[in-house]
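A.B. asks: Put together the whole structure using the sequences plus the hints.
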Amino acid sequence: MPGTPARKQNRSRTARAVGAVAGATLLLAACGSTKDTGAAGADGGGSGRVGVILPLLTSPFWQSYNDYVPKMAESEGVDALKTVNSNSDPSQQITDINNQLNQGVKGLVVAPLDSAAIEAGLDQAERKGVPVVAVDVAPDQGKVAMVVRADNVAYGEKACDYLGKNVTSGKVVQIMGDLASVNGRDRSEAFRACVRKNFPKLEVLEIPAKWESDTAASKLDTLLNANPDIKGIYLQAGGVYLAPTLQTLKSKGMLKKAGQDGHIAIVSNDGIPQEYDAIRKGEIDATVSQPADLYARYGMYYIRAAMEGKGFEPGPTDHDSTIVKLPSGILEDQLPAPLVTKDNVDDPKLWGNTVG
Numbered sequence: 016m017p018g019t020p021a022r023k024q025n026r027s028r029t030a031r032a033v034g035a036v037a038g039a040t041l042l043l044a045a046c047g048s049t050k051d052t053g054a055a056g057a058d059g060g061g062s063g064r065v066g067v068i069l070p071l072l073t074s075p076f077w078q079s080y081n082d083y084v085p086k087m088a089e090s091e092g093v094d095a096l097k098t099v100n101s102n103s104d105p106s107q108q109i110t111d112i113n114n115q116l117n118q119g120v121k122g123l124v125v126a127p128l129d130s131a132a133i134e135a136g137l138d139q140a141e142r143k144g145v146p147v148v149a150v151d152v153a154p155d156q157g158k159v160a161m162v163v164r165a166d167n168v169a170y171g172e173k174a175c176d177y178l179g180k181n182v183t184s185g186k187v188v189q190i191m192g193d194l195a196s197v198n199g200r201d202r203s204e205a206f207r208a209c210v211r212k213n214f215p216k217l218e219v220l221e222i223p224a225k226w227e228s229d230t231a232a233s234k235l236d237t238l239l240n241a242n243p244d245i246k247g248i249y250l251q252a253g254g255v256y257l258a259p260t261l262q263t264l265k266s267k268g269m270l271k272k273a274g275q276d277g278h279i280a281i282v283s284n285d286g287i288p289q290e291y292d293a294i295r296k297g298e299i300d301a302t303v304s305q306p307a308d309l310y311a312r313y314g315m316y317y318i319r320a321a322m323e324g325k326g327f328e329p330g331p332t333d334h335d336s337t338i339v340k341l342p343s344g345i346l347e348d349q350l351p352a353p354l355v356t357k358d359n360v361d362d363p364k365l366w367g368n369t370v371g
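Take any residue in the sequence shown, count from 1 to its spot, add 15: that is its number in my numbering.
These aren't lab readings, by the way, just hints derived from the structure by calculation. Hints should not be assumed to be uniformly reliable.
Lysine to aspartate or glutamate pairs mimicking DMTMM-like chemistry, simulated, CA-CA at most 20 Å apart [stated by the list, open to error]: (1) Lys-265 <-> Asp-236; (2) Lys-186 <-> Glu-221; (3) Lys-234 <-> Asp-276; (4) Lys-246 <-> Asp-236; (5) Lys-246 <-> Glu-218; (6) Lys-271 <-> Asp-244; (7) Lys-158 <-> Glu-323; (8) Lys-296 <-> Asp-335; (9) Lys-364 <-> Asp-333; (10) Lys-158 <-> Glu-134; (11) Lys-272 <-> Asp-361; (12) Lys-271 <-> Asp-236; (13) Lys-265 <-> Asp-244; (14) Lys-296 <-> Asp-229; (15) Lys-340 <-> Asp-155; (16) Lys-265 <-> Asp-229; (17) Lys-265 <-> Asp-292; (18) Lys-272 <-> Asp-358; (19) Lys-186 <-> Asp-104; (20) Lys-296 <-> Glu-218; (21) Lys-296 <-> Asp-308; (22) Lys-271 <-> Asp-292; (23) Lys-186 <-> Asp-276; (24) Lys-158 <-> Asp-176; (25) Lys-180 <-> Asp-358; (26) Lys-364 <-> Glu-323; (27) Lys-216 <-> Asp-244; (28) Lys-180 <-> Asp-276; (29) Lys-364 <-> Asp-292.
Quick list of simulated restraints, FRET-style, between CB atoms [claimed, not checked]: (30) Pro-223 <-> Pro-353: 40 to 46 Å; (31) Gly-144 <-> Glu-218: 49 to 55 Å; (32) Lys-216 <-> Asn-359: 53 to 59 Å; (33) Asp-229 <-> Gly-268: 17 to 23 Å; (34) Lys-216 <-> Arg-142: 24 to 30 Å; (35) Ala-273 <-> Asp-333: 34 to 40 Å.
For every residue, glycine included, the Cβ atom is placed at its ideal position computed from N, Cα and C.
C.D. replies: Here is the structure:
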């Protein structure tokens, strides 16, 4: 997914296209697509149980998403089963999909762990005529009715832009996600390319941490021993990397508050309450708010529509987002994900300020 200036201008234009009605993007599918919804079209308008499969529950972000699921299912009129946790295991996730299909679900909402491996589960669902909505991670291949996701290229670009404007030169670290996930790849490549193009005085060091907190902590400790002059850090997932990063810096006497000499500028991703508290304390500087609430809401919205035999087209939506067609041909609703700093951290509209 390119991160060119033209792409960013297009995102800005389409994001401002608020007020376009949902009917502009939600259209009745052609006969071939209706067939792909299986028994849903035959049993009275897409009723039936929906399985919801989580990637993990060790992150506050996914804990929040899990809490939102039953609320949003009720508001969208979806009969969602109790969520299933794949516990960071892509193979287990395929088993979970198969188990849900064997229980007779009529729709699936899945947050893929591995963009390639998930295809096996998607193929199982397609063979049974069960529509699938992917949340947070786009599959490389396979049939899904919609991907509900924010623009992860923009995540990396926003982190790069913030650090680049606050760190004039020196070493910055990106603690990367799992590169088997398109999210990890998009964020890593976008951050790297943005620094190379716009902030050539920065030197990027990288820690592949696979969304694992222990891996992040141990590798950051080792990197800081060899590079005590680090000026900035980009955390690709605050839900799993925030606590170990702050603890590692604190143990080395390197956790200085914003404005103090020696402060390491830190930008994160997720938008969880813990990140907001860290911004308020001056421990980190910014985060990109990944919309856990909207992931749950529109995951349910799109699976209900798909079960009713409806299809979708690229274009602006009525909820400040844009549906785009990925290179694979899959459609993705790119939800807004604002940058949060000390200037707007108390905004009551941010989902991280609405959860306990």
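A.B. asks: Against this structure, judge whether each hint is valid.
C.D. replies: Structure-based check of each hint:
1. Between Lys-265 and Asp-236 the CA atoms are separated by roughly 11 Å; this keeps the pair inside 20 Å, and the hint holds.
2. For the suggested pair Lys-186 and Glu-221, the alpha carbons sit about 10 Å apart, so the restraint of at most 20 Å is met.
3. About 25 Å separates the Cα atoms of Lys-234 and Asp-276, which puts this hinted pair outside 20 Å; it is violated.
4. For the hint pairing Lys-246 with Asp-236, the CA-to-CA distance comes to about 15 Å; that is within 20 Å, so the pair holds.
5. Of the pairs offered as hints, the one joining Lys-246 and Glu-218 holds, with about 10 Å between alpha carbons and a cut-off of 20 Å not exceeded.
6. For the proposed pair Lys-271 and Asp-244, the alpha carbon gap of about 13 Å is at most 20 Å, so the pair holds.
7. Of the supplied pair hints, the one linking Lys-158 and Glu-323 holds, its CA atoms being roughly 17 Å apart against a limit of 20 Å.
8. Taken as a hint, the Lys-296 and Asp-335 pair is broken in the structure, with Cα atoms around 31 Å apart against an allowance of 20 Å.
9. With a C-alpha separation of about 17 Å, the suggested pair Lys-364 and Asp-333 falls inside the 20 Å cut-off, and the hint holds.
10. Using a Cα cut-off of 20 Å, the hinted pair Lys-158 and Glu-134 holds, with the two alpha carbons roughly 8 Å apart.
11. For the given pair, Lys-272 sits about 19 Å from Asp-361 by alpha-carbon distance, which is consistent with the 20 Å threshold.
12. Proximity of Lys-271 to Asp-236 is assessed by CA-CA distance (about 16 Å); at most 20 Å being required, the pair is judged to hold.
13. Of the supplied pair hints, the one linking Lys-265 and Asp-244 holds, its CA atoms being roughly 15 Å apart against a limit of 20 Å.
14. Between Lys-296 and Asp-229 the alpha-carbon distance is near 24 Å, which puts this suggested pair outside the 20 Å criterion.
15. With a C-alpha separation of about 13 Å, the suggested pairing of Lys-340 with Asp-155 holds against the 20 Å cut-off.
16. With a C-alpha separation of about 16 Å, the suggested pairing of Lys-265 with Asp-229 holds against the 20 Å cut-off.
17. Of the supplied pair hints, the one linking Lys-265 and Asp-292 holds, its CA atoms being roughly 16 Å apart against a limit of 20 Å.
18. Our distance criterion of 20 Å between C-alpha atoms is met by Lys-272 and Asp-358, whose separation comes to about 16 Å.
19. Proposed proximity of Lys-186 and Asp-104 is contradicted: the alpha carbons are some 33 Å apart, above 20 Å.
20. As the CA atoms of Lys-296 and Glu-218 are separated by approximately 27 Å, the hinted pair breaks the 20 Å bound.
21. At roughly 25 Å between alpha-carbon atoms, Lys-296 and Asp-308 are farther apart than 20 Å, so this suggested pair is violated.
22. For the proposed pair Lys-271 and Asp-292, the alpha carbon gap of about 15 Å is at most 20 Å, so the pair holds.
23. Annotation: proposed proximity of Lys-186 to Asp-276 holds, straight-line Cα distance about 16 Å (limit 20 Å).
24. A distance of roughly 35 Å separates the Cα atoms of Lys-158 and Asp-176; the hinted pair therefore is violated under the 20 Å criterion.
25. A threshold of 20 Å between alpha carbons decides the hint, and for Lys-180 with Asp-358 the separation of about 16 Å falls inside it, so the pair holds.
26. Our distance criterion of 20 Å between C-alpha atoms is broken by Lys-364 and Glu-323, whose separation comes to about 31 Å.
27. For the proposed pair Lys-216 and Asp-244, the alpha carbon gap of about 14 Å is at most 20 Å, so the pair holds.
28. Simply put, Lys-180 and Asp-276 have alpha-carbon atoms about 17 Å apart, close enough for the 20 Å limit, and the pair holds.
29. With a C-alpha separation of about 16 Å, the suggested pair Lys-364 and Asp-292 falls inside the 20 Å cut-off, and the hint holds.
30. At about 27 Å, the CB distance of Pro-223 to Pro-353 disagrees with the hint of 40 to 46 Å.
31. In this structure the supplied range 49 to 55 Å holds for Gly-144 paired with Glu-218, their Cβ-Cβ distance being about 52 Å.
32. Checking the proposed 53 to 59 Å range against Lys-216 and Asn-359 shows it is violated: the Cβ atoms sit about 28 Å from each other.
33. Under the hint 17 to 23 Å, the C-beta atoms of Asp-229 and Gly-268, about 22 Å apart, fit the expected range.
34. Under the hint 24 to 30 Å, the C-beta atoms of Lys-216 and Arg-142, about 54 Å apart, miss the expected range.
35. Roughly 38 Å separates the CB atoms of Ala-273 and Asp-333, a value that falls within the hinted 34 to 40 Å.
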